[in-house]
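Listed in order, the protein sequences are those of chains A and B.
Going left to right, the first sequence walks through residues 21 to 607 as the working numbering numbers them.
Going left to right, the second sequence walks through residues 10 to 632 as the working numbering numbers them.
Any given hint might turn out to be false.
Said to hold, decoys possible - From chain A, some residues computed to sit far from chain B (all C-beta separations above 12 Å):
#	residue
1	C62
2	E69
3	G71
4	T114
5	E116
6	C129
7	K153
8	N246
9	P248
Claimed, not checked - With a straight-line cut-off of 25 Å between C-alpha atoms, the simulated PhoX-like cross-links for lysine-lysine are:
#	chain 1	residue 1	chain 2	residue 2
10	B	K351	A	K65
11	A	K65	A	K483
12	B	K351	A	K112
Claimed, not checked - Some chain B residues judged to face chain A by a derived CB distance under 8 Å, without partners named:
#	residue
13	F484
14	E488
15	P495
16	K531
17	A559
If you're looking for bench data, these hints aren't it; they were derived computationally from the structure.
Cβ coordinates follow ideal geometry from the N, Cα and C atoms, glycine included.
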Amino acid sequence: MAISEAVKTVNLKINGMDVTVPAGSTILEAARSIGLEIPTLCYLKEINEIGACRICVVEVKGARSLVTACVFPVAEGMEVFTNTEKVRRSRKLTLELILSTHDKNCLSCVRSGTCELQQLCKEFGVDDPDYYKGENIRYEFDDSMAHMVRDNNKCILCRRCVAACDNQCISVIGANARGFDTHISSPFDRDLDSVSCISCGQCIVNCPTGAIVEKDETAKVIAAINDPSKFVVVHTAPSIRVTLGEAFGMKIGTNVQGKMVAALRRLGFNKVFDTDFGADLTIMEEANELVERVKNGGVLPMITSCSPGWVKYCEHYYPDLLPHLSSCKSPQQMQGAVLKSWYAQKMGIDPKDMFVVGIMPCTAKKFENKRDHQHAVDGLPDVDVSLTTRELARMIESAGIFFRDLPDEDYDNPLGEATGAAVIFGATGGVMEAALRTAVETITGEQLPNVDFTQVRGTEGVKEAEYEVGGLQVKVAVASGTKNAKILMDKVRAGEGGYTFIEIMGCPGGCVNGGGQPIQHAVVRNFHDLRTLRAQTLYEADRSLPLRKSHESPAIKMIYSEFLGQPGSHKAHELLHTEYTPRPKYN
Amino acid sequence: MTATELNVLRDSAKAKLTAGSASGPAARIVVGYATCGIAAGAKPVLESLKKELADLGLTNVSVEEVGCIGMCQYEPIVEVYTPGAEKVTYVKMTAGRAARVVSSHIANGKVVAEYTIGAATGEAPEGGVIPLSETAFYKKQRRAALRNCGVINPESLEDYIAMDGYQALAKALTSMQPGDVIQVLKDSGLRGRGGGGFPTGTKWSFTAAQPPGKKYVVCNADEGDPGAFMDRSVLEGDPHSVVEAMALCGFATGSDEGYVYVRAEYPIAVLHLEKAIADARAAGLLGKNILGTDFSFDLHIRLGAGAFVCGEETALMTSIEGNRGEPRPRPPYPAIKGLFGKPTTENNVETFANVPQIILRGAEHFNCVGTEKSKGTKVFALGGKITNTGLVEIPMGTTLREIIEEIGGGIPNGKRFKAAQTGGPSGGCIPEALIDTPVDYDNLSAIGSMMGSGGLIVMDEDNCMVDMARFFLDFTVDESCGKCNPCRIGTKRMMELLEKITEGNATLEDLDKLEELAYHIKENSLCGLGQTAPNPVLANMRHFRDEFVAHVVEKKCRAGVCKALLNYYIIPEKCKGCTACKRVCPVNAITGNVKEPHVINTDLCIKCGACQATCKFGAIIKQ
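The following block holds chain B by itself, in its conformation from the complex:
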């Protein structure tokens, strides 16, 4: 394929994708069919749509599987494109609802208002419909990295080409020098989306500056932060954007070979990526003489076996090389001596996904949003105690309050917001006092957290911050590779100190010891995993020190999470003597006669909480 042929294909593909166009379908139905959608039941919905269309003889309607649309709690999601009308988003779909959408909306032009997103969120007027883009969840988002996710069929090269896919590569190969590509990237201000935030253009320039010879491009798709799934969504929903970006990187840095290191736990991402690479190769967009030029570049996939540390760039390369995934000391940096000892450029999925649009539309298209030092948008996986869980892409500089209260819809069940955690096990909790912080790399670091790869977990008053610190540390203790002493032994010893605190056995000296050890691990560990492992503990000790002290001095867990520090009691005034709790107690710790207040023997109680869950009168409390 040449650049001209690519343009021809784009125009025809675009037409085919447009409902109502000469070569397009009468209507286009898409089903969110990423891992999350499938898990929520998208398969019977898809089958029902197809069956109903067939039964009604609606042959000119296309039904396609697309990637993640972003709203986890509203899955399965179906969207309907009809000519001359706004796209309609149906949520919480079932096979039955799907059949009704076909018979009503597709066959008779009547939107089923009660199934739409506006009805589900309560934002649309009774019986009315609002577009997805006007919901609170979407209004403040700006989709750049995720622009094709949920829009195109990720398994179709043609769909990607219809959305200007491979135009950036064609532009670079036919009208730019490698240095120009790097300059545009530098001007755009794009920084690494994997967590470190290193300027991408500068990173590419280091590899480009190395003498000609074998060089590699590596895509880090070993997304491992608990609760983070941005990269999976991109690979599942728009794999060609990564393939195109890696080819661009190869062109800019003088490399002819790349590796995508992706978790084996992402089977659909792997499948889609495999197909994307094969299709691109077959179309002459990968391999020898791409688009008829002198540039050749090809890609391989390597599956990660599930070690978190392999997300660290040197460990990842060691793993690709076939060795135990362990980090190696830097310098030498990968740009000088990386994969197989050769100069290597490594970026994560989201970083790459941003690149084609920057090259195609220019730096300004990207850096027109963002803060002074953090340009563009960032994808976050929103989770925890929040109404709207899901995948959101927001301009840098959006405040945490906007993300949590507006996009996220606030804290459910009338609970009070306590903290937001960013950066996964490398980050830290951000307290309510700092909720107006505009999100960017530097601001998050300054308040003791970090951008990380994009996990954002919201906590409410029921979360104990000592326990949260313990939770994240438990993860790094488990995922430490075991190579360097501070991380291998230090995190374990920190963990033991935290357990001592949550069990009420710690002294104030233990708090000092914990802090000293945390700083030691930060300063002395070999790789980023160890250097950031203490962050969740340090951030929580900084922002919620009173909770730590309460555990140590008063032996109290105010959130009522740390079992060793709480007891269940029956409030006699509220107890009706119904005996329900007594019957459900597994250890016979509750005594009392019928219609008389009961009593819990705290010595026997195992704090399972069964009594409290059973009591209809709210007579049982824990404190």
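Isolated chain A, as found in the complex:
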């Protein structure tokens, strides 16, 4: 039974070909090693290995029934057949069964074209979607949340959303009822807004069909653009420039900043700005707050508050630790607040006539701009609408813009000017690194010889580093994904760790892997590290910029000298800082 420790590889045959793979590999991995893609639907590597959808079935010589390649381990001498008539017929029949319960309203489904079920049906020649037509259950939509809509009529019960939610240590969705009545919902079928969903949207990017989608707000934006009385301003978050291209078939990690700006102009926005400006501003305020807390014995460690998914998580799960959160608004909200104050004044526009749109990698941003204390100017929302990368891609598509053929254009000024420190906000560790660049120089008053804080980079769930700053030992930590946040927060709650400053992003890998980013099929997600591929382009962008420290940005210098005064000034507090609210797990 037991494979001895010495044997590290296994020899098998797949479709008659000899294959040697490391012991412990699955049939799926072994097949892939010789260039065979076995289709999957429920499988998410390391997250959802449940063998439930039965699409990846293959024949194994001597096995009693078909086996699931995604989870079945290879064994010495095994003979596998991945593409026999029986296998193909089985996959097709399973698809026909799934279709018999699926709302096949594909024509206008936002996932049409990116739907994994649709693609499989095409690949397996499912020509009669009603072959097993029968009784079905009609489910009500759950649109109780600000950021998403669940349509269980399109759910295929692959449980990828459940796994993604579990992987975030949130677990507010799961299977309810059993047998044919099984459906995914919150405990006791409550609406999502009555449980502790943090709006991260990881369920959305992992859904193979249109069962979970962001709440589409493009119509509001188009209406504003078409309203001559509105001055419509858009700003794009740091990570959008390295992900938007994927929606137009471009290679993962392509920097499309110039084309994106061009596309936004063609959509009719009056001004196209960069949320990176807001990110630089965040660093100024946050670094100042940190220095103040250290100097004045404030609550430490201080924890970043850029990620609204993370903030909501903290409010639900660690309400006692809210004093640790930086009072700084997120870059999106800072950008909106200064647009409706400083910029509006400069341009002589009534803030009521200004409509601010944020293009965000994030679904929680839709929740963030509806929060209290995010209405700095005359009670107006700092940001009127947050669109995800996906919604922007749909707007571009439906406007008939040939994205790939667009020229590169530059952002408008002054809120389109930013440093490399702001660009890396999109990757886990980026805010920490940007803050360190400014904080260290502020405290020591000396120029950093090297601005690369590489210890806090990378996709590892929890990262720690220790630096000596002006004679002070400073220990920092970075976590992405709320599962990892939990590890750090438990330490903080227990008074352990000895951290001064912590960066937390709600999504695993940070904004590049946010819940609002373009959807890649599980097949791609399972075998390519999206987080790394997208993040490395951000670090390249940082390296290529002349200015890489927020406090050196001319635009930042300008806003402080013209308008805000000093970081942490009264005005800065009015516009750029916020408050948090403890939230129950059920309400």
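Based on these hints, arrange chain B on the given structure of chain A.
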């Protein structure tokens, strides 16, 4: 307690249990007091026995509640042990009968022959008495797993010890190595009684081969097949046998902790098990340093909330872990990665109940009966269209004919046998042509059914085989956990096709579609529940295809079960015009004048059957 002290206790307990011995009672009366006995009215019988004994001042007579004696339709049952005499079995007892048994049999030594089993079955000569063991129902049985059921008080550790209880554990702990225990089990040929039939010794050896560390023993007492109640009877009637076997398993596999996963719907089983565990722990037969040795082992009980799928081993473990009871893919098998991710040995109640005797008396004691590949005995819950319903334990290799015609007493009401169903919703129907098949794991699988956990349901000519297939499938559709597509959606779609057939709306293509889907679900489902769910349909299509075709082509249900395919008619020659049917018809579908033949308007008739039940002249037929 040490092994020596256990022997001393056994000898004294044995004496106390023997009527007429120095320390025993003058007579010992036992009342079948399992769930079934209580439901049939055992409580007033018990009270009456006690009251009558007290009234007559018979203080040296013991009255005890015991587990299931096995004959459902003869409950409540009382058995009387007196010194030097054969045990007398009284059936269909009432409070009044109980009082008479005490006053006549106990007080005056006169057996009340007309209340005994022989009188009830007609096997005893007029006024005579025959022992239970000589009735047709018992003659071919051999009680191994059920050996203590109905014999000892299940709530008494002492009673169990009197029957050599915990001697196997003592033997293993003091004179055997773990490997020896496994070898004896392997030699015995014991196979899993939960349905799969995997060799138990081999299963234990897999867990034993895992590196030392945390390991678990799990007892599957989530008996869920419709009509099956073997495991309940063992837990209610002899819980210590399972406790002892699990400790033996712990010793053999290197585990110190076990779980019994038992249905919450079995409250008496749970109570008896709880008491058995507590008593064993208090006596040093569970817990730290059992019988003064280095071996420690303890048990917990987890209650199942009533999901059939939790009888599947991985779903059961997922449920114990506190999650929704759903199966997980295998491999990894539980022996490698089971409960809480640790190596785990899981067996069902009946399997465990066989173990102590095998270890104590040796492999030959067990494998001297049975067939080549299926050794020992198997408990069946006999039900359906059969004279003697109840719990029977037969040697493997007994034919279905012996079980049905001899032990079961044949089909009541002069009806013709049609099929026997084994394996519950995972099995299939066996037609009359195969009734001489000797029952064992391999034979039943070969004819499209399976051993299953032991439900055996008999059908007669009035059963429609399409409807039976629909009935069993309806169960799995309801009990599917919903995790994998073939089972969740496929069984539902099969069900819809079967309904189409029973309603007369199907085509021959639908039969092909049904069969194709059935094989797909078998081949593609995640767990045993789904993989076997189509069996009742496939077996019936194989053995009774003509009935399916008749439903589809002729739109006829020959058994007269499928309502949509039958109509009620009045035979004019037989109708006396009494108007009884007309008066009872709820929808006024019957017309006719007094003393003239009546007519049923089939368009209005809702086929409730009230007219037929009312007619005294047999004038109403359905076809």
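Hint by hint, here is what the structure shows:
| no. | hint | verdict |
| --- | --- | --- |
| 1 | C62 | violated (9 Å) |
| 2 | E69 | violated (8 Å) |
| 3 | G71 | violated (4 Å) |
| 4 | T114 | violated (5 Å) |
| 5 | E116 | violated (9 Å) |
| 6 | C129 | holds (20 Å) |
| 7 | K153 | violated (9 Å) |
| 8 | N246 | holds (45 Å) |
| 9 | P248 | holds (53 Å) |
| 10 | B:K351 - A:K65 | holds (22 Å) |
| 11 | A:K65 - A:K483 | holds (22 Å) |
| 12 | B:K351 - A:K112 | violated (37 Å) |
| 13 | F484 | violated (11 Å) |
| 14 | E488 | holds (7 Å) |
| 15 | P495 | holds (6 Å) |
| 16 | K531 | holds (7 Å) |
| 17 | A559 | violated (24 Å) |
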